[in-house]
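Going down the list, the protein sequences come from chains A and B.
If you count by this note's numbering, then the first sequence holds residues 1 to 310, one letter each, in order.
If you count by this note's numbering, then the second sequence holds residues 1001 to 1410, one letter each, in order.
These aren't lab readings, by the way, just hints derived from the structure by calculation.
We treat Cβ as the ideally placed atom computed from N, Cα and C, and that holds for glycine.
Hints are not guaranteed to be accurate.
[Claimed, not checked] Label-pair ranges, simulated between beta-carbon atoms:
#, chain 1, residue 1, chain 2, residue 2, range
1, A, V103, B, Q1088, 23 to 31 Å
2, B, D1180, A, L8, 45 to 53 Å
3, B, T1306, A, I110, 48 to 56 Å
4, A, F265, B, E1196, 48 to 56 Å
[Stated by the list, open to error] Heads up, simulated EDC-like pairs for lysine to aspartate or glutamate below, C-alpha to C-alpha not over 16 Å straight-line:
#, chain 1, residue 1, chain 2, residue 2
5, B, K1049, B, D1231
6, B, K1229, A, E2
7, B, K1325, B, E1343
8, B, K1169, B, D1231
9, B, K1029, B, E1125
10, B, K1216, A, E120
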Amino acid sequence: METVVFALLNGLIYGLLLFMLSSGLTLIFSMMGVLNMAHASFYMLGAYFAFTLGQHTGFWFALFLAPICVGAAGACVEKWGLRKVHASGHVAELLFTFGLAYVIEELVKIIWGKFAVAYEIPPELNFSLFELFGSQYPAYRIFMLAVSIGMLAGLWYLLKRTRIGLIIQASLTHPHMVSHLGHNVPRIFMLVFAAGCALAGLAGVIGGNYLVTEPSMAFSIGPIVFVVVVVGGMGSLEGAFIASLLIGFLQTFAISIDASFAEIFSFAGLSADGDVGRITIASLAPMLPFILLVLMLMLRPRGLMGEREF
Amino acid sequence: MSKGVFWKTSLTALLLSGGVLSAEAETIKIGYIDPLSGPFGSTGDAGLKHFRYAADEINAAGGMGGMQVEVVAFDNKINPKESLVQLQKAIDQGVRFIAQGNGSSVANALTDAIAKHNKRNPGEEVLFLNYAAVDPALTNKKCNYWHFRFDAHVDMKMAGLTDWLRDQKDIKSAYILAQDYSYGRAFTAAAKSMIEEKRPDIKIVGAELHPIGKVKDFTPYVQKMMSAKADVVFTGNWGTDMTLLVKAANASGHTVPYLTFYGGGLGAPTAMGQSAVGLVKQITEFHENIEASEKQMARVDDFEKTNSLDYYYERVFTLMNMLDKAVDGVGSVDVPKIAAALEGMTYETPYGEVTMRADDHQLMQPLYISTFSEGVARDVENTGYGFKTDITIPAAATETPTTCRMRRPS
C-alpha cells in the first residue's frame, strides 16, 4: 500500500515536470513544424538563470524572472536564427536546433563551469510537510506539484478560453487564413516559441534544485522529453499530458518492483544466476521510456492522441 | 634561398632546439586519467588537485631523483573506451606513470591495456598507479605486475564495516545499495557474504544496483528501504550518486545508520546536515580528526587554503611519496626497476607505517571507521560537522588473502 502511494505521488510530480517540458516542445512542433532539439537546453538555462538570479534577488523573484529571461532568449533564437533557417526546410531547422543545443551546453560550461552548481531549495520550503507511513514528505515537492498544476490550468485557460488562444489554435491549422485576417503570423510564431521556451525554463527553475543543476542535465532529460512527445502524439497537448504522467508512473513504479526476470519467467526455466535471469525490473527503470517509444512506433506510429503520421 | 627551403630549415632548427631543451631539463610526467567533466567531473577534479599539490611539494624538495614532476590531466569522461584513447595520448606524450582512481571499470580496462603495451614495447614500460579503484579483482584474479593499488579494496573495507556490525545487537535487517558496474557488484557480493558470515541472524531485506551517474532523484530508492524496514544501509556509492542519495534520505527523514565507503567527502557532507549526525559512517585511511603531527596538520590547512577544497585523499600523498622514494633509489626513469623498488616497500605516512604487499601490489595501511558528528575539532566542507573515529584498524588487521599469482618479467 505505502509503496503504491509513494510511487503515485513521486510519479505524479515527475510526470508533471516532464509535461512542463514537453508541452512547450509539442506546441512549437504543432505550430511551426519545428522539432526543437535544443528544447531541453532551455530547461537547463532556466535552472542556471534561477541559480544566478537567485543569488541577487532570492528564489521567489527568480521563479518569475528566470522563465521570462529564458523566454526572451527563445524569442531571439526564433527571430534571428530559426526564421532565417526556416526557408531552407525542415532538415536545416533540425540541424540548426541540434547545433544550438551543443552551443548552449558549451556556453553554460564556459560561464558556470563544468561541474554542478550549488542551486539549493529555498530555506522557506526546506522542511517536511507531513508524515506518511513513517516517511517524511518534503514541502518542496508539494510546491512543485502546485506550480505544475497552476501552469497546467493557466495553459489550458490561455489556449481554450482567451482570444489569443483562439488565434494560436487557428494558426496551427490555417496560418494563411489567420494572416489574411490581419494577424501577424510570424509574430505569433515567435511568441509561441518564446512561451514554449519559458515553460521549459520554468521546469528548469523548479527542477534544477530538486534534481541537479549541471551542464549535462539537458542531454540527460532531452531524450525522455522526445519520448513523451512521440508517445503522446506529435503536436497533441492532451497526448503529451497523458504520456508524461504515464512515463512518470512507469519509472517510479518500476523502481519499487523487486521481481527479477528469473522469477517472472521461471516457467521458461530461466535461472536466477544467469545473465538474463539476474536482471530485475527495478534495474530496467531508466530504460522503460525507450522501450515504450519503440513499442509505440511499431504499434501506433501516430502516438496516443496524435493526428498525423510521420 | 627559396622561401620553402627557408621555412623548412628554420622549422627543423626550431624542432632540434626544442629537443635539446627537453633533454636538458628532464621531467617525470604523471598522466592523470580521470573524469574532468560530466556528473563525476568534480570528483576527478578533486583528485587532480591532490596530485598537483603533492607534486608541488615534491618539486619544492628537489623533485624525484632530481627530476621535476609534472601531473598531466586527461579527461576520460569515466568511460573505459575513452580512457584507452587518453592512455595512448599520454604514452605518445612520453608519460610513463599513469594515475587513475574513479571507476573500477576504467581501471580494469587500463590494467589490461598497460600490460599489453609493456609486453609489446620493452624498454618503454608504463606503470599504473591506482589510487581509488577498489574492485578486488584488480589485485586478485586480474592482478598484473605493472599495477599498484594504494587504496584498500572492497573486501578489506567491507571486513572492517562488518566487524563493527558484529557488535550491534539491535540491528536485525540490512539493505545494500550500490552502483551497477564491476565495483558495485563486488560491493554487493562482499556485503552479502560477510554479513552472512558474521551475523547470520541479520536479514538482508534488499540488495539493489542502480545505473551509475544516471539517477537524479533517489527518493524512490529511499522509500523502498523504508518500507523494507531496513535497520542499516550499506552503500558503496560515491561522487554525485552518494550526494544525491544522502540528499534524498535527508528529505525523507530516513534515520538509520548508513555504512559507506565515501560518505565523508566530495560534496556528500554538505548534503547531509544535522539529520545525518551519528548515522553516517565511513571507512577510510584518513579523516581530519585523526591525530597527527603538527606538520601534517599544517599541510592539510595549506592544501585547503590554496585549493578551497577539503583535504580528502591522504593516499594520493602516500602514492606520490612512495613513487618519489622508489625513483630516488633507482636514480633514473627505469620503470621496471622502479616497479621492483615499489614491491614490498614500506613507508612511514603521517598516520602510520604502510607496506606495498609484494604478492599482489596491494597497499596495506591503517583504516579508520568514523561517524559524522557534532562538536569535533575540524569540520568537513565548512558544515560545522566532522568525523570522529570509532575504531582504528591496524594495517596488519586489514590484510585479506589474495589469489594473485603474479607473473614477473624475467
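Next on the checklist: Going through the numbered hints above, which ones does this structure break? Give me the numbers in ascending order.
Outcome noted: 2, 3, 4 and 5
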